[in-house]
Amino acid sequence: MNLWVVLAVNSITLGGLLFLLSAGFSLIFGLMKIPNLTHGSFFMLGAYLATSLIAHGFDFWTAAIVGGLLVAALGGIVERLILRRLVGAELAQVLVTLGLSFMIADVCLLVWTGDPIRIATPSALRGATSVMGLGFPTYRLAISLIAVVFAVVLWALLDRTRLGAMIRAGVDDPAMARVVGIRVSRLFTIVFCLGAWLAGFAGVIGGPILSVYPGLDQEMLPLALVVVILGGSGSLLGSLVGSFVVGFLYNFGQAMFPELAYVVLFLPMLVVLVVRPQGLFGRLAA
Amino acid sequence: MKRLGLAAALAILATVPLWVGGTYYVNIASQILFYAIFALGVNVLAGYAGLVSLGHAGLFGIAAYAGARIMNDGHGQVVVAAGALGVTLLVSAIFAVLALRGTGLGFVMITVALGQIVWGVAYRWISITNGDNGIAIRGRPSPLGLSLTSPASFYWATLVVFLIAVGSIAVFVASPFGASVRGTRDQPRRMNALGYHVWMIRFLSFLFSGFWSGVAGLLYLYYNQFVSPQAVALTASAEALLMVIAGGTATLLGPIAGAALVVVVKNVASAYIERWNFVLGAIFVVIVVFMPEGLVPGTVRRWRRAVAVLRPRATAAG
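So the sequence lines, in the order shown, correspond to chains A and B.
All letters in the first sequence, in the order written, are residues 74 to 359 by this note's numbering.
All letters in the second sequence, in the order written, are residues 193 to 510 by this note's numbering.
Only chain A is shown next, with the shape it has when bound in the complex (with noise of 0.2 Å):
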């Protein structure tokens, strides 16, 4: 197959990941205007949970849903007993997401040790699927196809939903939504969990393509920056436009110069950021 049909590929792959990942870093920066440093360690801990869950006999699909759900109960925990306690001091909670990455970071190295982990494709989804005359990799294409459903399901929620209604009150302004008795703190609660088990989720089934490792936090951290930084916090269709283009931007990067993959990554943020400060489908901070 064509080189270029398969770094294209690739990189629906990886926008499809990525866009599950920014999707909840994007809310919660929106919602309680903290970059939420552990996102990626959300994500390398849900891919590592699944693994032990896997060698304890679960199927690849209860693996990510329950790996996920562990995440997000984690995410819950972070949110109510430590996130709650800084209200107000948003750079006290930066700072506490990053410490608590560390620690998560850490603690997964202890347990699951320094070797990275594969995660078996499920049995299902292995092998090739020819679309118009071409052979795909079927599990690359299953998750485009995971992510695109996410993102309606997602766009559905917030755009048709009550709770929907209620989030975007929170996100546009907290101190009206509460006047009119929205309860803005449990929305934190929920969309922390939601973007928890979004990133936890997203690690699992990225595990089969990118394995687990130590680093792989760090590694997916920035990405989801990037993504939310070019298409602006809070809004569900710049993290959508956003992690396609850091999906192809990445991997046709890595192709094209391996040594600058991360400078060209990182350059249409740069400009972005200089042109249009408050991304491209962000709204002007009130």
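Worth double-checking, as some hints may not be accurate.
[Stated by the list, open to error] Chain A side only, calculated, beta carbon under 7 Å to chain B, not exhaustive:
{"id": "1", "residue": "Pro295"}
{"id": "2", "residue": "Val348"}
{"id": "3", "residue": "Pro350"}
[Stated by the list, open to error] A few chain B positions that, by computed beta-carbon distances, are all more than 12 Å from chain A:
{"id": "4", "residue": "Met383"}
{"id": "5", "residue": "Thr427"}
{"id": "6", "residue": "Ser429"}
Hint data in this document are derived by calculation from the structure and do not stem from the laboratory.
Here a beta-carbon is modelled for each residue, glycine too, at the ideal position from N, C-alpha and C.
We have chain A; now place chain B onto it with these hints.
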């Protein structure tokens, strides 16, 4: 009284290699000094200007890498120092222009991203940085013909630089410019209305902060005679910030105490347990949650409160 204390502190610092016992401890003292310079530099931005940077290890590391490259090209020590600091100032200026597009959390996020770019270049651009293997240099320089190979002589040289750093930052803080920097932190809009160029004040603070981070990075290079991507990792930026926050932001002594705490805990912890990163993270969380103003002021506050709680009871009983 204050002068006496200062003289005593100077005397203690100057004689460390004589009484501390063993080169191991002298080396730790040197590390504390150059990390204190780094923390003081970070504090100029994080404390006085209210701009928290999580990318300063990038500036620290760029000075070290630039110094190592220039030295390995066979240049003299003056060229090495001037070149490394020049490169650091240039990169600081670029960082500042980009990062100052945001304030508050936007600034934090942009500095994380910038720091990660430096890390990516250090790790991947192998033809320049030798990747994960890092760059080694041959020996330390000898300013004015004095050799710095022994731990004690390196300590004294670092101490001289450290005292210059403390002095210059004390002057900076006390100066009208320092006051205007604190003004842009507390009341940027009023400062703007009063006719101050807020952006330029922040920009210059960033350069000043970057300069001292670069000096610390150069000393780090001379101390280790080696630099690798580890020096520019996000962990390194977080450690520097932890020193500032642990000791107390926007104070002169806080970052120095913080640097001493982190270096000592790091060396002690790594001697007994492997999990230094866990300890670092835990210290971070505990300090931020329980003593957000820093260990030194935080302990004083908690002590006063404990005394205040106990006293009325004592009078009621009497």
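Hint by hint, here is what the structure shows:
1. Proximity of Pro295(A) to chain B holds as hinted, the smallest CB-CB distance being about 4 Å (cut-off 7 Å).
2. With a least beta-carbon distance of about 10 Å to chain B, the hint placing Val348(A) at the interface is violated under the 7 Å criterion.
3. Annotation: interface hint on Pro350(A) holds; nearest CB of chain B at approximately 5 Å, less than 7 Å.
4. Against chain A, the non-interface label of Met383(B) holds: every CB pair exceeds 12 Å, the least being about 20 Å.
5. Distance check on Thr427(B): its Cβ comes as close as 7 Å (rounded) to a Cβ of chain A, failing to clear the 12 Å threshold; non-interface status is violated.
6. For Ser429(B), the requirement that its beta carbon stay farther than 12 Å from each beta carbon of chain A is not met, with the minimum near 9 Å.
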